[in-house]
Each structure stands twice: as structure tokens, then as C-alpha cells.
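Place chains B and C on chain A using the hints.
Chains as they are written, first to last, in my numbering: chain A, 1 to 273; chain B, 274 to 632; chain C, 633 to 714.
A portion of the hints provided could be inaccurate.
What the hints assert, rightly or not - Distance ranges between label pairs, derived from CB positions:
(1) Thr383(B) / His173(A): 58 to 64 angstroms
(2) Gln215(A) / Asp400(B): 44 to 50 angstroms
(3) Asp583(B) / Gln127(A): 44 to 50 angstroms
(4) Ala646(C) / Gln127(A): 29 to 35 angstroms
(5) Asp151(A) / Glu518(B): 57 to 63 angstroms
(6) Gln320(B) / Leu146(A): 32 to 38 angstroms
(7) Arg229(A) / Phe657(C): 22 to 28 angstroms
As the list claims (entries may be wrong) - Straight-line alpha carbon distances no greater than 20 angstroms define the calculated SDA-like cross-link-like pairs of lysine to any residue that follow:
(8) Lys512(B) / Asp583(B)
(9) Lys636(C) / Ala678(C)
(10) Lys212(A) / Arg650(C)
(11) Lys212(A) / Asp661(C)
(12) Lys212(A) / Lys636(C)
Worth flagging that the hints you see were computed from the coordinates, not collected in a lab. Here a beta-carbon is modelled for each residue, glycine too, at the ideal position from N, C-alpha and C.
Take a look at the letters that make up each chain.
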Amino acid sequence: MRFLRSEHLPHIWCVGCGHGIVLGAVARAMDRAGVDQDRTVVVSGIGCSSRAVGYLNMDALHTTHGRALAFATGIKLARPDLRVAVLAGDGDLAAIGGNHLIHAARRNIGITTVCFNNGIYGMTSGQYSPLTPAGYRTTTSPFGHLERDFDLCRLVQAAGATYVARSTAYHVHQTITYVTRALAHDGFSFVEVFSPCPTYFGRHNRMGDPVKMMQWLHDGTVQAGQAARMTPEELRGRVVIGEFHRTQEVPEYARSYREMIARLAEEGDRSAG
Amino acid sequence: MQGNEACVEGALEAGLQFFAGYPITPSTEIAEMLADRLPRAGGFFIQMEDEIASMAAVIGASLAGMRAMTATSGPGFSLKQENLGYAAITETPCVVVNVQRVGPSTGMPTSPSQGDVMQARWGTHGDHPVVVLSPSSVLETYVLTVKAFAIADELRVPVILLTDEITGHMRERVVLPDPGTLPRAGRPREGQAPTDIPPMHHFGEGRRVMVTGLYRDSTGFWTESREEADRLIRRLAGKVESRREQLTMVDRRHLDDAQVVVVAYGCVARSAQRAVHLARERGRRVGMLRLSCLWPFPGHEIEALAEQVDSIVVPEMNLGQMVGEVERAARGRCRVIGYHRVDSELIRPEELLPVLEGV
Amino acid sequence: MAQKKAGAIRINEAWCKRCDICIAFCPRDVLAAGDGGVPRVVNLPACTFCLLCVLRCPDFAVEVIEDKEVASRDVATATHAG
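Next comes chain A alone, as it looks inside the complex (with noise of 0.2 angstroms):
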């Protein structure tokens, strides 16, 4: 796996987390992608996901809580000819990320961004996260989450991404395909895949084995196209995956801003000239 700094594995992820599982289906869609290793770079927050970055070999930028988006939106803009990604998890990308998140999805700026959704905040030890479900047990909702999660998808779409789908660790084929799309688009695309945390989810949850994680990402998803003949009593509790939107029409940031530089500079040509 020439995408990967294997004299760094075995990596500090816990048994049977999903961040492997995600991260091997970014290289291979990275090589599916033809992405060029020396103009790529990868940027990711803090978190367990984040730290996928250091597993990768290219330019990687590990930043601060939150903020891989804007530190990715500084360096496409100064180099729009490189390959920008941003890697990183559900609590970084969502809660205190969020701004950042929605604001690069509204711009169209041509960065890839896949999510690695646990649910939680693992790093930290188990708290819960904007993509914790409502009933779940964290270490900080020890009595069952009372919060309601986001649609991530819908979120992001509806700030403006132009190409939006959702996965999981268990579907890694789909994951693969998904990420190989979100790279090859031109604007700025997002992959939600669902990764499982056996150590923290899981043991909270009564399902803190790998092999049953794996099992429940399959029994509670929904391919798209199924969903769409599905009642949503029969819908409830169930995560729809698929591509829900792809769009070229709307231009991409950084090419639009440097159109901007070529006309300045062309009219500033005609009037000295």
C-alpha cells in the first residue's frame, strides 16, 4: 500500500475500530482516483479520526480541534493546482467544527471531506457527540442521550456541497466508490462514513464487540433506493446510505476567485493600455 506510511503500523487504533477499515477504503480510493501523492495534501482536526492523516503518505497538516477546514481552505486557495482532503471525525467536523463545516460547503471550495462518524468522542474517552443518537449511553449522558443527532447529509447539502453520500465501515465497497466520486468532483464533496467505536460506543451500548458493531451497521442502514419505497414507521431507526446529491453547476471557489485575479488584471491591462 504505497498510499500509506507503513513504518508507522500497527496504528494506535483500538481492536476492531472502523478509522482502519475508512482510512483503508480512502487510499485504495485514492488510487482508484489516481491521486498524485506529491500534490495532495491531507488535513485533519483532533480526534481518534484525525490522527488517519499521520498514516499517510503525502503532505499531511494534523491542526487544531475543529479546524481542518479552514486551514485546508488557506492552502487550496494558495494552491488550487494540489489535491486538498480533509479527514476527520464526527465531533470535529460537527460540533465545534460546524462553522467551518457549513461555510466551506456554502463557498463550493473544491476540497474532498470524508467523516469518520462514530458517534462519539473517542480520543477523550467515550463522550457523546452531535452525531450521538438520542437514547444512547456516553460518559456524558450516563443516563441515555437526550439529544437529537444531526443528518449530517442533509446538513451539508443543504449548505451548499455539491456532492454529498453516505457509507459505512461495513459497506467498504460502496465507501470505496463514494470516495473515489468525492475526489474525482470538482467543487466540494463530503463522504459521511459510519465507523464503529467498540471500545466506548460499543461497551456503553451493550455491543462492545467488533464483529457485533460490524453486524449493527449492516441491520440499521437502508440503501437509499430501498428507503425510497419504505414507509417511515418502517424507516425509524434506520440510517439511509447512498449518494443523495451530485451536482457541476455551481463553480468552485478557488478557480472562480483566480477568474476574478484574470479579469483584474486584464482590465487593469486595458486601461494602462
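Below, chains B and C without anything else, positioned relative to chain A:
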């Protein structure tokens, strides 16, 4: 020319290519002028969604090879602290302009103060290197902005241009130095980097660099090694400490025969200068030491002065921030008297004169 | 084109964290827990080269090696027949 305008001109002269910012009084003019000037010069301006994102984008652009800057005031400066520390530990060159206003919190947005002096040094957590410059005039704003980029690039350190609402908004006639005459520096590159500053490898140069806010080993990968940790933090601090002489920027007036010396900076230095002039007209042996670089603090200058004079007066528009540093450096060899005004009005020469005479 | 065949399935014991995912989700029960929980091959002929064990291993610890002898035999047969 307005002070904030001089900052813009200085930044463009220094080769600014990227600005990310957020509107905040009294720094907004910098963003507005650059929104117009930068794209015309082939550079990038972006108004980010908040101050934190602005600082992040500046660092991202700098790591991708561009000279980058942001500008803000108190509340925004507070927000930027975490990422400022990130720039410090990752040794990312960048310039942060803080046009000080009355704080804390929302304070008095359109009034001047010097309340962020300590924050500029210690605002972000942990021991970290930072250089802080303080202009007292529109011309000096231009000159120090150019210098800020040179220091940032050479030392691979965040440089804060700590100005204030008066210096930022006042207008003065200036004769700018000819383009290309002020010294510029480049970032340390492979083969010609000093021993204590690693060569800078930008993204997209084929180096596959690893940049992280965690402590790191020589390959850039995160580490928990005690030896590496000690080595890193001491080297970072040493980058600035060992260059104290180069970073001593003071203006000395009438020190030869002085019994009383005013140590001042920023907008207050203008009033102090006038007060010193008036005092000397009345035959008082008063001098002035104006600081243009606040951090690293030129303690050696104060130490020398304290041997020579009876008293040092430190006028500031805060409740006492620089005065403590002066006291420490003076080591009790002379009296140190602070004069502090915090009602949003500039300290006037007429206020200082009796203080100087009474001493 | 004939179905690829597995010549061997190798587990990197230094990286494998014994999560059991490859064992549990192999559609053909090719793997089972061996010493110390490390997966071992118990039914290689049943392997269809689906590679799900490789893709779903969180630790990059599974490698499925193609049986090249079978592959070259298939090509020869195809050439003759075609």
C-alpha cells in the same frame, strides 16, 4: 496616509500574497483595502466566517508557500490565540495585526488602549515564541509591517504588529521609503538554514511533509519522547532569545544626561516625546527610550539605564503591563513609576509633564 | 474470464489486533480463530477472492495472494478455446 493604510502598503511591499480576516473595529480598513488591492496584485483576499478560521486559513496558505497576514482587534485577537500557538509550534511564518481597542470583552470598540501587551506575549497557552512590534507613527507602521514579514520568514515565527486605534486611524504625511529598499528576508531553505531553524518545506514540493500541533520528532511525526519534547520547546524559545540583539528596536533620545527617562511605546510615545521636549525646555534632565519591539522585551536596555538614572516613568494606556517588565529589569537600581490612563482617552503631554517634573 | 483463485491468505500477526471481523464476515467461512485469536485459513478452496477480509480488516493485516499457476492455466485454456 492613515495608519491602517500604511500597514496595507507595508504588507504589499513585503510581498503579501494572502489575507484572511474578519471585520472588527478598528482594524476593518485593513481588510477592506486588501480586498481591493490584493486581487489586483494577483493575491488572495478572503473574509472567513470567523476570526478563528481567518487565523487557520493564514497558516494554511503560509504552509503552502504564501506570505500571509490577518488583522483584528481585542475580541478577535482573543479568538485567534489557539491557532497562534499552532503557528508558533509548527514554526509557520505569519503576521497578525492587532489594532488595540479598549477591553476587556466588547469594551469600547472605537477607542484606543494598550491593554493587550501581555496577551500578545502570553495569550496562547504554553511556552511559545512570538515577536511583537509596536509602531508609534504612520510611517513606522509601514516600516514595521515590512519588518514583521522579514522576521516571520527568517525566524519561522508568528509576528504580531501591535498597534492601536489612534495609530491605526490617524493620518500623517509620509514619505515612504523607495520600494525594494527595506530589507526583506526569505524562509530558511535546504542547505542554507541556520542550525536552530529547520529549512521550510511547503506543501506541494514533493517532500510529503507532516505538520502537527503535537510535539514531534525530527521526521515531523508525533512523539511522546521526553528528550524530543525538551529539545523542541527549548529550541523554539531559543530562536527568539538568541536573537535579542537583532530584535532590539529602540529609539533613544536625550539619554546622555538624563536623570529621568520615559519608557513608552505606541501612541503614548508620541505624547511622551512631546512631554520630554517640554520638560527639557524647562531645563529638566529628562530623556526617552521608545520601544518598537515589545517582545522580546529589551531588558538589557532597561538594566543599563537603571544604573544611570534616578527614575524611569512608564506611561501606558492600561493598568500596568509593560511597567512590570521595566521594574523587573531595573532590579531596584532606580525608581520605576507607572502612569496609567484607562478611560479611553490618549495620555496627553500636559498630563505627563507634571509627572516628569514631580519625580 | 475465469474466477481468480486464492493461492494463500497471509495474516500479519504484528499488525493484527484479533478483532475477528475477517473471520465473522467471510461469506465462505474460509477463516477461523487460531492460536491467540489470530485468524488462520481453514478452507482455502472455498475462497472466491472477494477480498472482503482484506478491505474490512482495520489493521491492513490481511493479504490474499492469487494462485498464479491457476491463473496462467486459465489463460492458456481460453486461448486454445478462443
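Quiz item: Is the hinted range of 58 to 64 angstroms satisfied by the C-beta distance from Thr383(B) to His173(A)?
Solution: holds, 60 angstroms
Quiz item: So does Ala646(C) sit 29 to 35 angstroms from Gln127(A), Cβ to Cβ?
Solution: holds, 32 angstroms
Quiz item: CB of Gln320(B) to CB of Leu146(A), is that within 32 to 38 angstroms?
Solution: holds, 37 angstroms
Quiz item: Is Lys212(A) within 20 angstroms of Lys636(C), Cα to Cα?
Solution: Violated, at about 30 angstroms.
Self-check item: Distance restraint between Lys636(C) and Ala678(C), which requires alpha-carbon spacing of 20 angstroms or less
Solution: Status holds; Cα separation ~12 angstroms.
Quiz item: Using the C-beta atoms of Arg229(A) and Phe657(C), is the stated range 22 to 28 angstroms upheld?
Solution: Given range 22 to 28 angstroms: holds, Cβ gap about 27 angstroms.
Quiz item: Cβ-Cβ distance between Gln215(A) and Asp400(B): within 44 to 50 angstroms?
Solution: holds, 49 angstroms
Practice problem: Mind checking the alpha carbons of Lys212(A) and Asp661(C) for me, to see if they're no more than 20 angstroms apart? | Solution: holds, 17 angstroms
Practice problem: Sort out whether Asp583(B) lies within 20 angstroms of Lys512(B), counting only the CA atoms. | Solution: violated, 34 angstroms
Quiz item: Has the hinted range 44 to 50 angstroms been met by the Cβ atoms of Asp583(B) and Gln127(A)?
Solution: Given about 60 angstroms between the Cβ atoms, the range is violated.
Quiz item: Is the hinted range of 57 to 63 angstroms satisfied by the C-beta distance from Asp151(A) to Glu518(B)?
Solution: At 60 angstroms between Cβs, range holds.
Quiz prompt | Restraint status (C-alpha distance of Lys212(A) to Arg650(C) at most 20 angstroms) | solution = holds, 14 angstroms
This entry does not satisfy hints 3, 8 and 12, going by the numbered hints stated previously.
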